[in-house]
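Guided by the hints, dock chain L onto chain R, whose structure is given.
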Amino acid sequence: MKSERFTMRINGLSAIMMLMLLCITVFAALSLVSANSERRLADKNAAHIVAYASADAQAQRKTAELYAIAAGTGDYHETADALKVAGYTVAQDGAGYTVEFETTEYDNLKIQAVFILGADNGLTMTRYRAVNTGLAATTSQEGRE
Amino acid sequence: MNETKRSRASIFLIEFLIALLVFSLSCVVALRIFARADALSDGARRTDCAAAVAFSASEQLKSLLTNGDAPETLELVYDQNCKYGGDSPAFVAVAELSFAGGLAQGEIKVYEYSDDARETPLVEAPFALFLGQEGGL
Numbered sequence: 001m002k003s004e005r006f007t008m009r010i011n012g013l014s015a016i017m018m019l020m021l022l023c024i025t026v027f028a029a030l031s032l033v034s035a036n037s038e039r040r041l042a043d044k045n046a047a048h049i050v051a052y053a054s055a056d057a058q059a060q061r062k063t064a065e066l067y068a069i070a071a072g073t074g075d076y077h078e079t080a081d082a083l084k085v086a087g088y089t090v091a092q093d094g095a096g097y098t099v100e101f102e103t104t105e106y107d108n109l110k111i112q113a114v115f116i117l118g119a120d121n122g123l124t125m126t127r128y129r130a131v132n133t134g135l136a137a138t139t140s141q142e143g144r145e
Numbered sequence: 001m002n003e004t005k006r007s008r009a010s011i012f013l014i015e016f017l018i019a020l021l022v023f024s025l026s027c028v029v030a031l032r033i034f035a036r037a038d039a040l041s042d043g044a045r046r047t048d049c050a051a052a053v054a055f056s057a058s059e060q061l062k063s064l065l066t067n068g069d070a071p072e073t074l075e076l077v078y079d080q081n082c083k084y085g086g087d088s089p090a091f092v093a094v095a096e097l098s099f100a101g102g103l104a105q106g107e108i109k110v111y112e113y114s115d116d117a118r119e120t121p122l123v124e125a126p127f128a129l130f131l132g133q134e135g136g137l
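If you read the sequences in order, they're chains R and L. Its first residue numbered 1, the first sequence is counted upward by one per residue in our numbering. Its first residue numbered 1, the second sequence is counted upward by one per residue in our numbering.
One chain only, chain R, in its complex shape (with noise of 0.2 Å):
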């Protein structure tokens, strides 16, 4: 009789110990997991970040660069072919040309910039915005489904 009480001592602190580990290890692991992903993220919004100021730096080039090419033409239809020698999208608009550009795609990130190329050999910037190239893919995918 006595020997099994004895018996039940042990296990029932054997059993206190093993709950404490059994915690402390889920909770260390949860810990681990969330400190991991949450670097991941940190790590993923700092790669947006600097994708968004490359395309930007790139988008800000192209338009000095596009102001440039106008600047040295004598009128708005030989900007236009000059324009399209450079590589720049470029399509009768009434009166003027629209000139469209992107940049290239970082980090699933590109940004769009369209200007109208007026009769004055002027230009005027229309649309400057960052497309999201990967939610535009899940998108046509869903739409697909």
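Some hints here could point you the wrong way.
[Stated by the list, open to error] Heads up, simulated BS3-like pairs for lysine-lysine below, C-alpha to C-alpha not over 27 Å straight-line:
1. R:Lys62 <-> L:Lys109
2. R:Lys44 <-> L:Lys83
3. L:Lys83 <-> R:Lys62
4. L:Lys62 <-> R:Lys44
5. R:Lys44 <-> L:Lys109
Calculated directly from the structure, the hints in this document are not laboratory data.
What follows is chain L alone, placed relative to chain R:
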């Protein structure tokens, strides 16, 4: 009778000591995991803040440039909560610019304020702003 009691007590003591040893060893491992998680979390917080600082510095720089200020180098100090200024500086954003053809371009690098050598930026982002042929679009 006394001998049996003493024997049981010593067995209990041995088991208890073994259990305590296993528990202590496991605690040491768990503590190391907690410390690693804390370091990861701290790194994530700093990266997050540095990215926010880079973005904020870029916007501030754009504002300065469009208002006619054209600094070639600019240092902006941010606190631990990623806010500009503040009593306890934690991050510094350094921008170095060059100007040509109406275009201001360079890089924005974010360092920890305590990093005096400034060799390893937390975040490095390119910067460019077209100011227009006559100072603005």
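Quick rundown of the hints versus the structure:
no. : hint                 : in the structure
1   : R:Lys62 <-> L:Lys109 : holds (23 Å)
2   : R:Lys44 <-> L:Lys83  : holds (21 Å)
3   : L:Lys83 <-> R:Lys62  : violated (32 Å)
4   : L:Lys62 <-> R:Lys44  : holds (24 Å)
5   : R:Lys44 <-> L:Lys109 : holds (18 Å)
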